[in-house]
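Q: So the protein lines, in turn, are chains A and B.
With the numbering used here applied, the first sequence covers 6 to 326.
With the numbering used here applied, the second sequence covers 6 to 326.
Just to be clear, a hint being listed does not mean it is correct.
Under the rule of at most 30 angstroms between Cα atoms (straight-line distance), these lysine-lysine pairs were calculated in the BS3-like manner [to be verified]:
#1 A:Lys93 with A:Lys114
#2 A:Lys93 with B:Lys207
#3 B:Lys93 with B:Lys114
#4 B:Lys93 with A:Lys207
#5 B:Lys270 with A:Lys270
Rough simulated footprint, nothing fancy, chain B against chain A, three-plus residues with beta-carbon under 8 angstroms [unchecked claim]:
#6 38-45
#7 76-87
#8 138-144
#9 175-187
#10 219-231
#11 242-252
Hints listed in this document are in silico derivations from the structure and should not be mistaken for laboratory results.
Beta carbons are placed, not taken as given, at the ideal position from N, Cα and C, and that holds for glycine.
Number of protein chains: 2
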Amino acid sequence: MSKPTENDCALIALDWGTSSLRCYRFDAHGSVAERRGHPWGIMNLPVVEGAAANPALAFRSALEAACGDWMAAAPDAPLIAAGMVGSKQGWREAPYLTVPLAPDRIGRKLLRIDTGLARPLYIVPGLLQVSALPNVMRGEETQVIGALQQWRDDELLIGLPGTHSKWVRVTHGRIQHFDTFMTGEVYGALSAHTILGRTMHKPDVPDDAAFMRGARVAQSAEGLAGVLSNIFSCRTLGLTGELEPQAQPDYLSGLLIGHEIAALKDMASHHPQRIGLIGDPALCRRYRLALELYGMGPVSEAEQATEAGLWILAQHAGLVG
Amino acid sequence: MSKPTENDCALIALDWGTSSLRCYRFDAHGSVAERRGHPWGIMNLPVVEGAAANPALAFRSALEAACGDWMAAAPDAPLIAAGMVGSKQGWREAPYLTVPLAPDRIGRKLLRIDTGLARPLYIVPGLLQVSALPNVMRGEETQVIGALQQWRDDELLIGLPGTHSKWVRVTHGRIQHFDTFMTGEVYGALSAHTILGRTMHKPDVPDDAAFMRGARVAQSAEGLAGVLSNIFSCRTLGLTGELEPQAQPDYLSGLLIGHEIAALKDMASHHPQRIGLIGDPALCRRYRLALELYGMGPVSEAEQATEAGLWILAQHAGLVG
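Chain A with its partners taken away, still in its complex shape (with noise of 0.2 angstroms):
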């Protein structure tokens, strides 16, 4: 690790999320000359003392420790922060932006704090979308704005597969609308907690024949039961004989991403348009053969986007030349 100097550090951002607090040391050239990552996420923060009281002695301790070092060797760095350290839980509530907006006006409406380290912190504000059923999110707009400029078409659907997956339409640069499918989330949820998780062995190697098997089934006569019916098929193939242990999983997965690609194939324009993918490369994959199943794409992946979109912002904000 080199001794940072002034001059390599023009911005240092944090992508804080709920697990994990994730660091980047951008030169005056908008590189990331450094990253480092630690589990101080805003759910699991350093203990200190009188933190029950006052949150933000544990956040400004984590950032402390996370970040000391970069701060004292360049006192005029500027700090921004995206993901859930703006929530209500996070250190203080940046509140939601209206969608559709062009991604400038977040990099102007950033939260200011003192951080009470002689500097104070930018929190990039989440999204809403009101509608008839509302949606929200806080980072992936930091992730968007970074795939963006990667991604010049006039229309695009940008993917970020997780816990809570995100789809979100943009147009001409902005952002228009988004949709959330707790996917992730309920996959880990069924696995762990239901019936279908006690006959399931985890596979060495992902099985991709059996997450194929599982998103066809969603494309297929019998997806028509809609996946609180199908995922019962995780249970009986598997009396049947007809799926092994270690291929429920994926199969599971499949059924589940598979009826999430459905849906958003049901819901999307007729328009070809580009997919953009932003996230773990595994997953990304998976979704991708899911995406080329419905036949939709064609699917590029970003890379990176997390940081690019803190520089973006923090260009949009002034806080970086």
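Got chain A; can you put chain B on it based on the hints?
A: What follows is chain B alone, placed relative to chain A:
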């Protein structure tokens, strides 16, 4: 509790499920003279020495503790049991019978096992539907057979709401086809083991308005996004102050049951048909509300379907006159 005599004990019948053991003493007219409930479901048997090596000992012990006095007073009364006692985890596995079939076929295929208590126990087999996604039931077949006494329609759709809701199509008294929806278990897993549960407060009395609001979502344009997406609205409507914590459990229940009924309607033939419900009255009431929302029915509720089914199956088996 009257002391039974040979005359008023023509059949000892058991509904032996995962979490409970319900016992019925029938008189010679086929009326229930006495009923008892015990917590000795197959996953919760009394602790008995040697049961680890020989699980039958625990089953025998539970049976004797539950009905030993009835058996002593009526040495010739036959024993019949339905439910998970016939599963792989039960006393002995009673192989599934394949639908379609007529109820009397089930009665002729009871599994006879030696109890070690001077009379055999006859276990009702479950049903298997062989199809692209197979389906199974164990216990519900007995309830359906009991309820069929009450409905003589040529075509019936029978719903058994619960942890795993079953929907059974019956034509001219034959069980043709059935589907399973894991609605109850999914509700439990989502409430207890996902972010949705964190903001929920169980209301003192069921909130029908919240339930119907959820059920209507499945029917609306937003319903196109599917269960995996719609459930997130439980959280976001809370975040935007549009859904009180006390309304969230019933809203989620309405969402899930709404999607179950929506899928059922998509799958159903277009002929008008009577819908019969069997199960917990409070849960059946909710299903009735959702069915009415979808214009399905007329809806009738069955009473004492389990005991009626056990008696009829004992008749088909020639155990009682």
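Q: Are the hints correct? Go through all of them and say.
A: Results of checking the hints against the structure:
1. A threshold of 30 angstroms between alpha carbons decides the hint, and for Lys93 (chain A) with Lys114 (chain A) the separation of about 17 angstroms falls inside it, so the pair holds.
2. For the hint pairing Lys93 (chain A) with Lys207 (chain B), the CA-to-CA distance comes to about 22 angstroms; that is within 30 angstroms, so the pair holds.
3. Restraint check for Lys93 (chain B) and Lys114 (chain B): satisfied, since their Cα atoms lie roughly 17 angstroms apart, inside the 30 angstroms limit.
4. Among the hinted pairs, Lys93 (chain B) with Lys207 (chain A) is consistent with the structure: their alpha-carbon atoms are about 22 angstroms apart, no more than 30 angstroms.
5. Between the alpha carbons of Lys270 (chain B) and Lys270 (chain A) the distance comes to roughly 21 angstroms, so the proposed pair stays at or under 30 angstroms and holds.
6. With 0 residues bearing a CB less than 8 angstroms from a CB of chain B, the region 38-45 of chain A misses the requirement of three and the coverage assertion fails.
7. Remark: the region 76-87 of chain A is not confirmed as covered by chain B, as 0 of its residues place a Cβ nearer than 8 angstroms to a Cβ of that chain, below the required three.
8. Against chain B, the region 138-144 of chain A contributes 4 residues with a C-beta closer than 8 angstroms to a partner C-beta. That satisfies the three-residue criterion, and the hint holds.
9. Residues of the region 175-187 of chain A with a Cβ under 8 angstroms from some Cβ of chain B number 4, which satisfies the need for three, so the listed coverage holds.
10. As drawn, the region 219-231 of chain A meets chain B at 7 residues by the rule of a beta-carbon pair under 8 angstroms; at three or more, the given contact holds.
11. For a cut-off of 8 angstroms, the count of residues in the region 242-252 of chain A with a CB near a CB of chain B stands at 4, and the three-residue condition holds.
Violation of the numbered hints given earlier is confined to hints 6, 7; the remaining hints are satisfied by the structure.
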